[in-house]
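Protein chains: 2
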Amino acid sequence: MPGDTTLPPRENETSRGSYPVSERNKLRRVHERGRYDREAVHAVLDAAMLCHVAYSIEGEPYCTPTIHWREGDRLYWHGSSASRMLRQLKAGARVCLTVSHLDGLVLARSGFHHSVNYRSAMCFGTARIVDDRHEKEHALETLIERFYPGRARLLRPLEPQEVKATMVIGMEIEEASAKMRAAGVGDDEDDYALPIWAGVIPVRTVVDPLEACSRLLSDVPVPEGLSGFAPG
Amino acid sequence: MPGDTTLPPRENETSRGSYPVSERNKLRRVHERGRYDREAVHAVLDAAMLCHVAYSIEGEPYCTPTIHWREGDRLYWHGSSASRMLRQLKAGARVCLTVSHLDGLVLARSGFHHSVNYRSAMCFGTARIVDDRHEKEHALETLIERFYPGRARLLRPLEPQEVKATMVIGMEIEEASAKMRAAGVGDDEDDYALPIWAGVIPVRTVVDPLEACSRLLSDVPVPEGLSGFAPG
Ligand SMILES: Cc1cc2nc3c(=O)[nH]c(=O)nc-3n(C[C@H](O)[C@H](O)[C@H](O)COP(=O)(O)OP(=O)(O)OC[C@H]3O[C@@H](n4cnc5c(N)ncnc54)[C@H](O)[C@@H]3O)c2cc1C
Ligand SMILES: Cc1cc2nc3c(=O)[nH]c(=O)nc-3n(C[C@H](O)[C@H](O)[C@H](O)COP(=O)(O)OP(=O)(O)OC[C@H]3O[C@@H](n4cnc5c(N)ncnc54)[C@H](O)[C@@H]3O)c2cc1C
Ligand code: HEM
Ligand code: HEM
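Note that the protein sequences, when read in sequence, are chains S and F.
In terms of this note's numbering, the first sequence opens at residue 1 and continues consecutively.
In terms of this note's numbering, the second sequence opens at residue 1001 and continues consecutively.
Quick caveat, the hints were computed from the structure, so don't treat them as lab data.
Careful, some of the hints might be misleading.
Label pairs and their in silico Cβ distance ranges [to be verified]:
hint	chain 1	residue 1	chain 2	residue 2	range
1	F	A1182	S	E141	47 to 53 Å
2	S	K164	F	R1087	43 to 49 Å
3	S	K164	F	K1026	23 to 29 Å
4	F	G1017	S	E58	35 to 41 Å
Computed far set for chain S versus chain F, every beta-carbon distance over 12 Å [what the hints assert, rightly or not]:
hint	residue
5	S18
6	G59
7	R70
8	Y76
9	D132
10	E172
A virtual CB, placed ideally from N, CA and C, is assigned to each residue, including glycine.
Bound-form chain S, shown alone (with noise of 0.2 Å):
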């Protein structure tokens, strides 16, 4: 059905508001850290690079792991044609991304008030393959320039084959929820006189130097901003 298959709105139609909150992704548990708003599950979904995707075969939850990036509220994620867990999708298969950030490790006076900061987003929808060639190799493109801009026309071209080889999902983002926490301790009022340490140990991703292909010819430059993907 091409209907299934088209593109979504352009970013700045549905980059506003707020997504529809019902029993699915309405948050329970310490709510108050809770985000349904497009601007805060969008900024978590674009500083990862990897996502988890949770779908079902005959009953059975299945969590695998892969690379998933965005355009407006379309979530894609690839692989290949044979691939198990893409051919299930491909039929239609309900799913559940979700994307986490650990922040840092907060260290309480009593061992109930550890936690964790962390920046997370859970996002409900139905996956649909991209048939139409055309989308596809547009979205094969977006996926080379969310991680590397600028890199995809200076590829050597993507050949008939390979496209076909290669499956890609589109997801539209139906419900979603963010959640995240920020903050120092938070200990029981009495416990704060205890001498015991506590604080927090920030946790980070880092990119390292480049390391170049031992193939690489001689006289081939870095491009510029190629580790221009800040992990956030």
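Here the structure of chain S is known, so what remains is to put chain F with the ligands in place on it, guided by the hints.
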């Protein structure tokens, strides 16, 4: 059922050998990157600070980020006794618990051969509540000690109502697989002659200097080895 929550055999008895291979955990795609031995699976699990738990509620998949810990062949995680996820799992739900590390971005001369270096583990089993009070307290202490060896005995002891408010889930790993890529660029032979930059951008998780709680008593020293957990 007490049998459900009995601790698994000691580590040195279970850390050998491989998990059974079934239709569920048999690697098909790029299977040469796969491992089924406990050593490989446990190393991936233990090096991670968080996991993603996939489960279903009324046929709908969910993917929840959480902290996990392991003893032998058993995985644990925890939260509120009122948590929707944990109440659902308490009933003995099927779970896929996945851990992933992104170790590097791989830039090839064609879009098709772009990849990432990674280590991941997928573990399948049935969730069981840990309701024996002694085992539950032991498990919560193990959680603290996993992140901060030696810290449990320095803390204000757990209150009975804190233990009551907490749910601990244990899952015997029935099947598991690890998958990893740790290599340079793999391009089509002809493409090595192209003047396109190719290589690997290593990615790492780092722990930054401690930030003491603003209400820390002035004479409390930082315990040694506090940031001893080296994220791998
Ligand atoms: C790095 C990390 C570590 C964590 N460790 C723990 C832990 O050890 N123990 C623990 O109890 N919790 C932990 N959490 C929080 C955990 O993800 C859940 O928020 C919490 O367990 C409550 O789950 P629930 O299903 O009962 O929540 P509910 O509030 O009942 O969930 C209802 C809905 O709220 C939304 N929601 C819930 N959690 C999240 C989330 N994290 N991100 C975005 N939307 C969400 C979803 O739409 C979900 O369907 C951690 C989170 C992160 C990111
Ligand atoms: C950080 C990261 C990013 C990734 N990005 C992509 C991507 O963009 N595209 C892509 O196609 N793949 C990606 N992968 C690999 C992905 O997780 C799957 O291995 C792959 O998609 C094949 O899925 P499948 O269900 O078809 O595999 P199958 O081989 O059919 O899966 C069968 C069984 O093999 C085992 N298995 C499969 N994958 C893994 C795994 N990753 N770890 C442990 N056990 C596993 C499980 O037990 C699974 O049930 C990524 C992995 C990681 C860790
Ligand atoms: C290193 C030790 C620990 C860490 C890193 C840790 C981390 C966390 C995190 C990240 C959450 C989720 C909070 C949220 O939803 O935003 C949580 C919830 C919870 N933890 Fe822990 N925890 C630790 C130890 C403990 C211990 C020892 C207990 C009990 C004695 C405990 C009891 C709870 C409870 C009850 C919740 C649920 C809170 C709620 O949903 O209202 N935790 N923990
Ligand atoms: C920045 C760009 C890209 C990244 C980071 C990336 C990353 C990955 C990763 C990590 C895998 C999993 C490999 C494994 O299972 O171990 C994968 C699989 C795959 N990718 Fe990509 N990819 C990118 C671009 C592309 C493009 C442009 C195409 C197609 C033209 C493509 C086609 C495929 C195919 C077909 C597979 C499945 C391999 C198999 O299962 O046999 N990828 N990709």
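Do A1182/F and E141/S keep their Cβ atoms within the hinted range of 47 to 53 Å? The hinted range 47 to 53 Å is violated for A1182/F and E141/S, with Cβ atoms some 28 Å apart.
Confirm or reject: G59/S is not an interface residue toward chain F, with every Cβ-Cβ distance exceeding 12 Å. With a cut-off of 12 Å, G59/S comes too close to chain F, as the shortest Cβ separation is near 7 Å.
Is the hinted range of 43 to 49 Å satisfied by the C-beta distance from K164/S to R1087/F? Holds, since K164/S and R1087/F (Cβ atoms, about 46 Å apart) stay within the stated range.
Status of the stated non-contact between D132/S and chain F (beta carbon gap over 12 Å): holds, 18 Å
Is it the case that S18/S keeps its Cβ farther than 12 Å from each residue Cβ in chain F? Given a closest Cβ separation of 20 Å, the condition holds.
Does the beta carbon distance between K164/S and K1026/F stay inside 23 to 29 Å, or does it fall outside? Between K164/S and K1026/F, where Cβ atoms are some 25 Å apart, the hint holds.
12 Å cut-off, C-beta based - E172/S kept clear of every residue in chain F: The claim stands: E172/S keeps its Cβ more than 12 Å from every Cβ of chain F (closest is about 16 Å).
Please settle this one: Y76/S was flagged as non-interface, so is its CB more than 12 Å from every CB on chain F? holds, 14 Å
Would the non-interface assignment of R70/S survive a Cβ cutoff of 12 Å against chain F? With a cut-off of 12 Å, R70/S remains clear of chain F, as the shortest Cβ separation is near 17 Å.
Look at the Cβ atoms of G1017/F and E58/S and judge whether their distance stays inside 35 to 41 Å. violated, 28 Å
Consistency with the previously given hints fails for numbers 1, 4 and 6, ordered from lowest to highest.
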